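Enquirer: Chains as they are written, first to last, in our numbering: chain C, 1 to 211; chain U, 212 to 422.
Be careful, since some hints might not be right.
Which residues of chain U face chain C? A partial, calculated answer using Cβ under 8 angstroms [what the hints assert, rightly or not]:
#, residue
1, 332
2, 333
3, 359
4, 366
5, 369
6, 374
7, 376
8, 392
9, 393
10, 399
11, 400
Residues of chain C clear of chain U, computed beta-carbon distances all greater than 12 angstroms [to be verified]:
#, residue
12, 47
13, 56
14, 124
15, 136
For the record, the hints were derived by calculation from the structure and aren't laboratory data. For clarity, every value in this text was computed on a predicted model and none was experimentally measured. Ideal Cβ positions, reconstructed from N, Cα and C, are used throughout, including at glycine.
Protein chains: 2
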Amino acid sequence: MQEIPATRLERRKARTRAALVDAACDLLATPQGTEARISDITNRADVGLGSFYNHFASKSELFEVAISTVLELHGRLFDEACAGLDDPAEVFAAGVRMTLRMRVTHPKVAHTMIQVGFRYLDSPEGLAPRAYRDLEAAAASGRLDIDNTAMAVACTAGALFGCIHLLEHDSSLDTDSVADDLAASLLTMFGLTKSEAREVSRRPLNQPTLT
Amino acid sequence: MQEIPATRLERRKARTRAALVDAACDLLATPQGTEARISDITNRADVGLGSFYNHFASKSELFEVAISTVLELHGRLFDEACAGLDDPAEVFAAGVRMTLRMRVTHPKVAHTMIQVGFRYLDSPEGLAPRAYRDLEAAAASGRLDIDNTAMAVACTAGALFGCIHLLEHDSSLDTDSVADDLAASLLTMFGLTKSEAREVSRRPLNQPTLT
Chain C
1 MQEIPATRLE
11 RRKARTRAAL
21 VDAACDLLAT
31 PQGTEARISD
41 ITNRADVGLG
51 SFYNHFASKS
61 ELFEVAISTV
71 LELHGRLFDE
81 ACAGLDDPAE
91 VFAAGVRMTL
101 RMRVTHPKVA
111 HTMIQVGFRY
121 LDSPEGLAPR
131 AYRDLEAAAA
141 SGRLDIDNTA
151 MAVACTAGAL
161 FGCIHLLEHD
171 SSLDTDSVAD
181 DLAASLLTMF
191 GLTKSEAREV
201 SRRPLNQPTL
211 T
Chain U
212 MQEIPATRLE
222 RRKARTRAAL
232 VDAACDLLAT
242 PQGTEARISD
252 ITNRADVGLG
262 SFYNHFASKS
272 ELFEVAISTV
282 LELHGRLFDE
292 ACAGLDDPAE
302 VFAAGVRMTL
312 RMRVTHPKVA
322 HTMIQVGFRY
332 LDSPEGLAPR
342 AYRDLEAAAA
352 SGRLDIDNTA
362 MAVACTAGAL
372 FGCIHLLEHD
382 SSLDTDSVAD
392 DLAASLLTMF
402 GLTKSEAREV
412 SRRPLNQPTL
422 T
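Pulled out of the complex, with its shape left as it was, chain C reads as follows:
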């Protein structure tokens, strides 16, 4: 919860900063991405070019904040999708399924994820640290068979990126089916039998609606 700034001037400054972050988040989801110019950002935020530097030292500083903002939204969407789930295999499957489905439900988050690419794995925000934590727990409890958690997370992220690429280049594929099949394939990699992996990956999914 953000504190409400005390004075009118502070509130106006906070609004300008938020408008710049929002604009950067929007631009992240476009092909231009972080190549956008500062004037593109201030135009979209409808603030004067000069006021940019009252808030950020550089374009890259703003984009770092914007990326963190989007990744943290992804993390909260995941938390929403997994609320109340007890089975670590189902938690993992839900994360994979809701992430691939974000192409449709939250395209801005999905595009930003693509822009960030594998640097996503190194971020303290978003899905990567949650996946790391949950796969460690799933291995510790014996539910999944994972020798190297970092490799498991890297393979999961890579497989997700690969399937997003596939979906973007073959419009005959159905996002939900690919999402379920990918979750099942990864659970098979992590030691479930094919039929068990399939069952877990087809349980009702609480697709998050948060924006």
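Here the structure of chain C is known, so what remains is to put chain U in place on it, guided by the hints.
Expert: Relative to chain C, chain U alone:
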């Protein structure tokens, strides 16, 4: 086999073109990648800036040729690594292992692969079409259990990219071990038992030496 150009002028033109392609291949493996300027390319190739357009209509045309050249080398390296192998599971494992090991044995090819990214999946050259062909055959023979070949190739490529990222950010990891473990994990995904996948992924590897 390329034909030997007939006249001295033609031979000189062929040498200039080859020098430009070589320079572009070298630049592809640098962080600059396809952002390099035409003058960077002609300087590196040691040819006059003006002669560039005698050979290529644009920088992107040259880089397309360079990328094809590197991907085709990757394909031939794979062919060398798999020569004489009969077991489709071992062929797949050898492809994964030799590709990850290219970080060490053929860093230029490995860096180019990263630059190309998932567009690699759509290229008629290189490993993607070979992986597609071999996984189809492995599934048809019953050796591997694969429902959707395109997804299997996309997951394999993604997992390879993810593990390359991991190796680049954690110098305590050993490339050969990660390569063997990744091949075993993917074979588990494709229906082998963990112990069988492990055995197949630790057979002697004919790491190619071609350059």
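Enquirer: It remains to establish, for every hint, whether it holds in the given structure.
Expert: Checked hints:
1. 332: holds (6 angstroms)
2. 333: OK, holds: residue 333(U) within 8 angstroms of chain C, min 6 angstroms.
3. 359: Since the shortest Cβ distance to chain C is 7 angstroms, the answer is holds.
4. 366: holds (4 angstroms)
5. 369: For residue 369(U), the interface hint holds, since the closest Cβ of chain C sits about 3 angstroms away, which is under 8 angstroms.
6. 374: holds (6 angstroms)
7. 376: holds (4 angstroms)
8. 392: holds (6 angstroms)
9. 393: The hint holds - residue 393(U) has a Cβ within 8 angstroms of chain C, the shortest such distance being about 7 angstroms.
10. 399: holds (5 angstroms)
11. 400: holds (4 angstroms)
12. 47: Holds, since 30 angstroms exceeds 12 angstroms.
13. 56: Holds, because the least Cβ-Cβ distance between residue 56(C) and chain U comes to about 24 angstroms, which exceeds 12 angstroms.
14. 124: Given a closest Cβ separation of 14 angstroms, the condition holds.
15. 136: Non-interface label stands for residue 136(C): nearest chain U Cβ at 16 angstroms, farther than 12 angstroms.
Of the numbered hints stated above, none is contradicted by the structure.
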